[in-house]
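There are 2 protein chains.
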Amino acid sequence: MGRIVVIGGDGFCGWPTSLHLSSLGHEVTILDNLSRRRIADELGAQSLTPIVSPEERLAAWAEVAPEKGAVGFIRLDVAADYAGLRETLAGIRPDAIIHFGEQRAAPYSMKGEAEKRYTVDNNINATHNLLTALVALGLDAHVVHLGTMGVYGYDGDGLEIPEGYLDVLVPGPGEQLFARSILYPTNPGSVYHLTKSLEQLMFQFYAKNDGLRITDLHQGIVWGTQTEETRLHAPLINRFDYDGDYGTVLNRFLMQAAVGHPLTVHGTGGQTRAFIHIQDTVRCIALAVANPPGRGERVRVRNQMTETHRVRDLARMVAAVTGATIDFVDNPRLEAAENDLRVSNRSFLDLGLNPITLSGGLLDETLEISGRYADRCDMSRIPARSLWRQEVTGGEASGLRMTA
Amino acid sequence: MGRIVVIGGDGFCGWPTSLHLSSLGHEVTILDNLSRRRIADELGAQSLTPIVSPEERLAAWAEVAPEKGAVGFIRLDVAADYAGLRETLAGIRPDAIIHFGEQRAAPYSMKGEAEKRYTVDNNINATHNLLTALVALGLDAHVVHLGTMGVYGYDGDGLEIPEGYLDVLVPGPGEQLFARSILYPTNPGSVYHLTKSLEQLMFQFYAKNDGLRITDLHQGIVWGTQTEETRLHAPLINRFDYDGDYGTVLNRFLMQAAVGHPLTVHGTGGQTRAFIHIQDTVRCIALAVANPPGRGERVRVRNQMTETHRVRDLARMVAAVTGATIDFVDNPRLEAAENDLRVSNRSFLDLGLNPITLSGGLLDETLEISGRYADRCDMSRIPARSLWRQEVTGGEASGLRMTA
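Each protein sequence line maps, in turn, to chains W and L. End of the first sequence = 404 in our numbering, gap-free, step of one. End of the second sequence = 808 in our numbering, gap-free, step of one.
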């Protein structure tokens, strides 16, 4: 077991990951600037589940799992306070660093100028500061970064999306074909997804130039709320975001059902996306930590998802369970109306992941939570209001290239 | 003729470009934070040629070319002052924006933590601020960005490097091959080159999502000093950097020859690189401005280079002309010792570019300048001292993947 730093360990994925790694016996230190809480305040959109202060959360964990040792917490802005980050890493000298320290909502990243600029500035500098500090300190910590399936784009050509690298043939002189293995050409659909595409190139460079050991996890859309550890005590409960910016599609449908609102499907709902339950997220991260790439190896990319669904099928599933109706509304995003999606997740299956699937009944728990806290719901926050595109002077929408 | 904003118009490429566009009849406004001058002070490495203040430069231009109208100058940090950038663009509403506003020296970008972080923070935010402002203002200006040949990497597999996009075949089910045209997979060799790779993805996104019209110029190493316009009057003279960070290879050889120092070749000098004369740089940019992509088209990438040479052949050429000797020294960079390089530059040739080549005698002018100002040379600044890699704890140099 080792020393692990979790950057962004107060967030939706970071918090249950920190507890899970602690329960496995790792010494965990959370670095977080509490930006997720700040943005929730800014948007006036709080987690449906009541989230207590970091100190109360950690005290609750120490209470239920005293034999695991305390999880440490340091309030630090990794993007803005390089000296603080460097000093902290020099003091801890972690074996692994899990990096969730980024603005992670695509709609928020498209909301306006300030949000676009914040997302790029924060995410790029957070990641680059981390890489720079590791090199400067000569610290051989394994970096496990949360990326997104969205870097691949959703162009629906029917080919299976591999794990990070694409084998291609490049035509050369004569009839010759040259085989190459390249980073999958990214086609991000939002400024948020763009930042993850940029970071992928940063990782490639720092692995090559400085021998850093990096795992990049291209995660699907997370559903569910609780994990084995967050379930242990009320103050440990995980976030449940249902607003138009931070709420992911399944959670928003469940919330709408709980408060008697029709399920709002964007466009035709023909978008196929990859999904994973939050419990599998934390398991995958533990598996990634336990299986680092060797020094000098290229970045290890793993697809962190377990199944794919069409959005309208999700809506129908939730409608069938809850009796809710479905509304098809205009799509605020620029994306293909319909796409297929086939994804390889061989890498985690080979490491022993036994996926939790949507049909597996775990919908019940999330449904129970959305019902239990329905009185905390602010229905005005549910609609997605961030538009992907403003009209541009002289522009023609028809000239726009979609992701397809 | 149109209104053109030149971001970074005080620098080595930006200044002669601004004058050239003005001489063609465009209304030019330079935005510059004078960072090149600041960094020269920081490094204690001044241009060999005496560079007067922006105001004196512009007054000299108004004097020699009064019929062209004044070139405007606004001191502005595009990366740090978004409100200023937005307001300026809203006021000018340019038809085209030439974007040189980036830290552009690979060795400087590898010097240390501060320089790595500055390069990423400055370059990424400058570029993203520009794109964000154009979208927010609904401004359909053609963005012409100076990229670098270095994004392609120098892996020497013998295939010709196309202009930005690579045609590949992706093996699918059965024996099927799917044809795709993808952004050339980048393999940057320094933090500086990395930023240009990141920006390429930003351009892809903003062209797709917002219909921005963008040309990305992947430029080779520039040689030469003067252009038709900078030659017109002494205060218009262009920069001549010869220091280990900002001096490009040919200029450094010429400087070394002028002061009687052996020409220092890194490694075997077997590195093949692409080159272009500064006069052709400004011509290419004018051609790019005159030939924008249409709205809704993908980013237009053009290779802005005219010939390739091995570094040791350049050294021999300079030695033959000047009688200098050659020293082979350790290579501070991590790069393949020897590589081939074949590059397509069809796009500019088709637009009528008639390249100036090294054998064309223009070496004489640069040689004359390095001789004329040799007494201003600080020889202690010539060696390249920025190392590409520190030793990492537990690391093995042998495990490192080179660019090859």
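Calculated from the structure, these hints are not laboratory results. Just to be clear, a hint being listed does not mean it is correct.
Here are some, though not all, of the chain L residues that point toward chain W, as calculated from beta-carbon distances under 10 Å [as the list claims (entries may be wrong)]:
#1 Ile-496
#2 Glu-564
#3 Leu-602
#4 Ile-760
Have a look at the derived ranges for each label pair, beta carbon to beta carbon [to be verified]:
#5 Pro-577(L) / Asp-375(W): 38 to 44 Å
#6 Ile-326(W) / Gly-542(L): 32 to 38 Å
#7 Gln-176(W) / Gly-674(L): 53 to 59 Å
#8 Leu-351(W) / Gly-700(L): 15 to 21 Å
#9 Asp-313(W) / Arg-702(L): 41 to 47 Å
#10 Met-379(W) / Arg-497(L): 49 to 55 Å
If you want the ones that stay clear, here's a sample from chain W, every Cβ over 12 Å from chain L, calculated [unchecked claim]:
#11 Gly-25
#12 Ile-39
#13 Pro-50
#14 Ser-53
#15 Val-64
#16 Glu-67
#17 Phe-73
#18 Gly-112
#19 Lys-116
#20 Ile-124
#21 Glu-163
#22 Gly-172
#23 Leu-232
#24 Ala-319
#25 Asp-327
#26 Arg-333
Each residue gets a CB set at the ideal place from its N, CA and C atoms; glycine is no exception.
Hints, one by one, checked against the model:
no. : hint                                : in the structure
1   : Ile-496                             : violated (15 Å)
2   : Glu-564                             : holds (9 Å)
3   : Leu-602                             : holds (4 Å)
4   : Ile-760                             : violated (29 Å)
5   : Pro-577(L) / Asp-375(W): 38 to 44 Å : violated (52 Å)
6   : Ile-326(W) / Gly-542(L): 32 to 38 Å : holds (35 Å)
7   : Gln-176(W) / Gly-674(L): 53 to 59 Å : violated (25 Å)
8   : Leu-351(W) / Gly-700(L): 15 to 21 Å : violated (44 Å)
9   : Asp-313(W) / Arg-702(L): 41 to 47 Å : violated (33 Å)
10  : Met-379(W) / Arg-497(L): 49 to 55 Å : violated (42 Å)
11  : Gly-25                              : holds (23 Å)
12  : Ile-39                              : holds (19 Å)
13  : Pro-50                              : holds (36 Å)
14  : Ser-53                              : holds (32 Å)
15  : Val-64                              : holds (37 Å)
16  : Glu-67                              : holds (32 Å)
17  : Phe-73                              : holds (25 Å)
18  : Gly-112                             : violated (8 Å)
19  : Lys-116                             : violated (5 Å)
20  : Ile-124                             : violated (5 Å)
21  : Glu-163                             : holds (15 Å)
22  : Gly-172                             : violated (5 Å)
23  : Leu-232                             : holds (37 Å)
24  : Ala-319                             : holds (32 Å)
25  : Asp-327                             : holds (26 Å)
26  : Arg-333                             : violated (10 Å)
Violated hints, in rising order: 1, 4, 5, 7, 8, 9, 10, 18, 19, 20, 22 and 26; the structure is consistent with all others.
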